[in-house]
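2 protein chains.
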Amino acid sequence: MSDVTVDGQRLRDRFDAFNEIGATEAGGVNRPSLSDANREARDQLVEWFEEAGLEVRIDEVGNVFGRREGRDPDADVVLLGSHVDSQYNGGRYDGVVGVLGALEVVEAFSDAGVETDRPLEVVSWSNEEGVRFQPDMLGSGVYAGVFDPEFAYGLEDKAGKTFGEELERIGYRGEAPAEPDDLHRYLELHVEQGPVLEERGLDVGVVEGVYGFAWLEATFEGQADHAGPTPMHARQDAFVGAAEVAKAVRELTATGGTDLVGTVGSVDVWPNSINVIPERVTFTVDVRSYDNETIDAAVDRVRREVEHAAEREGLEYELEELMRIDAAPFDDGCIETVAAAAEEVGCSYTHLVSGAGHDASYLNQLAPTGMLFVPSVDGVSHRESEYTEWDDVVAGTEVLCRAVERMATRA
Amino acid sequence: MSDVTVDGQRLRDRFDAFNEIGATEAGGVNRPSLSDANREARDQLVEWFEEAGLEVRIDEVGNVFGRREGRDPDADVVLLGSHVDSQYNGGRYDGVVGVLGALEVVEAFSDAGVETDRPLEVVSWSNEEGVRFQPDMLGSGVYAGVFDPEFAYGLEDKAGKTFGEELERIGYRGEAPAEPDDLHRYLELHVEQGPVLEERGLDVGVVEGVYGFAWLEATFEGQADHAGPTPMHARQDAFVGAAEVAKAVRELTATGGTDLVGTVGSVDVWPNSINVIPERVTFTVDVRSYDNETIDAAVDRVRREVEHAAEREGLEYELEELMRIDAAPFDDGCIETVAAAAEEVGCSYTHLVSGAGHDASYLNQLAPTGMLFVPSVDGVSHRESEYTEWDDVVAGTEVLCRAVERMATRA
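Sequences listed follow chains A and B, in order. For the first sequence, my numbering gives the first residue as 1, with consecutive numbering after it. For the second sequence, my numbering gives the first residue as 1001, with consecutive numbering after it.
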């Protein structure tokens, strides 16, 4: 057994202290991207990185790095991390487990006095959730060269504030360019956000890859007439159009024998008045699959449903693809290393595919990438009631540590 | 021809000045109930009432009256009016034409030095639109004894402010009890808010009655899981339920050979995030008909659709009937008087039924009631583009004047 071992109590203390920031009454956290609570969370991280002797680096889109030098400063980096922004009224585990777990792993090496061959870096990616500024996984996307920093700066939230302004406001528009290090491996620990591990009584999930997805935003525009005297045949009701598309999205997932999932998650109705026919409805469609052709077909189908609904109801429409990420099958070597680490720790595990998007999808474009999951009770995520047994968090962090040990040593 | 004649230019000047209050860039007005703009509008009315020599009375729910005494102060009153609160970003004509038209008619009697047998009163009803505080037609409803003042005071807007607080804040919680005068007749001039008069090239609509309606508010509650890893079969998606009910409402109006119209106008989704399955959706259903049994049947059907959608999707639900107003066929004598007045003025007209609710529906429970409509271009209403040709407004006001002349004289 290695001398390097994680300190579950230190991790626990930090986890509890960290989740005081933006805590909600219902036991969750409200730390959306670039909010004051998100700033406080970042400040806390930076403080802990410094206490752990890591060299802190903030890049131009607010990704926060902490680096522990290796024996060979020119060696490619083993990068570990996740994110600390949350959904609006989200859970305490999503993202946080991966960042604080990564920090714990790096400190475990320091505590044991073990120098690694390769540098280790811990990262907290900026704007992973994408609830305030779309697209999500923005920080890792810029880092991977998928988006320009200028694109990120120009994004607006619903109040019209830009990502650039808000990043500046909270003091996290850093000096470092958002460009990839020379990466050896990227590893991310995360809660499953689905029911599989808990249902099967397993400790850890070895992630083989991440579903691809597309995000669409549709707007229907009709006529805001009075709900009383306007005859049915004369109506152009934007909400009827949106309801038809939402039903079609649901039906789409039950056809064709695919793994497709589809969700209409955000719906804004204007003027949103009880006795006025909706004039304008903007809504989103999220479709996901582990097969890129299935996603293509679903996007085409949604487009046709929007066109047909607009034609039937006499609506104008716009349809924009906000985001598209291909399915990301991970590197076989990473998958094997994570599985071997789980065996070393004595964890039960299975291989699985992630339906949720992760920064790891973008990192997978840069370097061999792996992920491991710990169970989510009842599969709950993106809610205040999100919960993972503490022993599972510690076991997952231990597995991460064993995997890092293998990766950080030159063969 | 009578000596009493309306002054179209004075009416126009007032109409234009009045609609500076809360004016929107797109040419409408934004004066929702008990807003600052609504206070300003009320203040302007009170000033004009006083300038016209009317005795101003504010009642306990903010209905604003202006009284011109008749020859016989004990005679039952002829009451004329409408409302000056607006939809959010609504039109300039809805309600305003009826209040300023009524004021113009009363002044026309004064200008001509004609004393009527009966007192004339102009009224601006409080909270007619019901977009901020439901139910709508609140002021006339309290006046008619359908609601208690305490019920009105306790109503909350979406920000949690109560009708009572806000009424107090704008200074329109008056001393007078909200109780009916001894009424002889109630007459209301209004824009049609539908396409019939314009399509048929007519000057005036003689209203035979007002559709009844029911307002329902449904809430579905499901589970806010992550849109990626949550399998379709495990979802409890509150928006899928709402979409099904909205589609059912549309289909309901096309069956059974009835005059039913139905609208889902207001929809609020929580957490309203692109990658989170909607946990809670609250939406409204507005159903209307000139036949009360048709409304009953529609409410039952909506209830069943809500139950079925909840059962299919595994949702909890609540369904509340916010409001129910029976269809209101008007008094034959009033209908005849309005038609005779239209003929006297030389206006072309037809009889029609109002699909929109009006304060006249409640007044009809207290005294013989009549309404007349002027055309709405393209049938547009509850929108900033609402428009009526000015000549039509003046002609309608002239018809109102002639009808009042007949009613205000004792037989």
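These are calculated hints, taken from the structure and not from any lab test. Don't be surprised by glycine CBs; every beta carbon is placed ideally from N, CA and C. Don't take every hint at face value.
[What the hints assert, rightly or not] Take a look, some chain B residues computed to stay more than 10 angstroms from chain A by CB distance: (1) Ile-1058; (2) Gly-1113; (3) Tyr-1211; (4) Ala-1227; (5) Pro-1231; (6) Asp-1268.
[Claimed, not checked] For lysine-lysine, the following BS3-like pairs were computed, each having C-alpha atoms within a straight-line distance of at most 30 angstroms: (7) B:Lys-1158 - A:Lys-158; (8) A:Lys-158 - B:Lys-1247; (9) A:Lys-158 - B:Lys-1161; (10) A:Lys-247 - A:Lys-158; (11) A:Lys-247 - B:Lys-1247; (12) B:Lys-1161 - A:Lys-247; (13) A:Lys-247 - B:Lys-1158; (14) B:Lys-1158 - B:Lys-1247; (15) B:Lys-1247 - A:Lys-161.
Hint by hint, here is what the structure shows:
no., hint, verdict
1, Ile-1058, "holds, 26 angstroms"
2, Gly-1113, "holds, 39 angstroms"
3, Tyr-1211, "violated, 6 angstroms"
4, Ala-1227, "violated, 4 angstroms"
5, Pro-1231, "violated, 7 angstroms"
6, Asp-1268, "violated, 8 angstroms"
7, B:Lys-1158 - A:Lys-158, "holds, 19 angstroms"
8, A:Lys-158 - B:Lys-1247, "holds, 28 angstroms"
9, A:Lys-158 - B:Lys-1161, "holds, 24 angstroms"
10, A:Lys-247 - A:Lys-158, "holds, 26 angstroms"
11, A:Lys-247 - B:Lys-1247, "holds, 9 angstroms"
12, B:Lys-1161 - A:Lys-247, "violated, 36 angstroms"
13, A:Lys-247 - B:Lys-1158, "holds, 28 angstroms"
14, B:Lys-1158 - B:Lys-1247, "holds, 26 angstroms"
15, B:Lys-1247 - A:Lys-161, "violated, 36 angstroms"
Against the hints set out earlier in the document, violations occur for numbers 3, 4, 5, 6, 12, 15.
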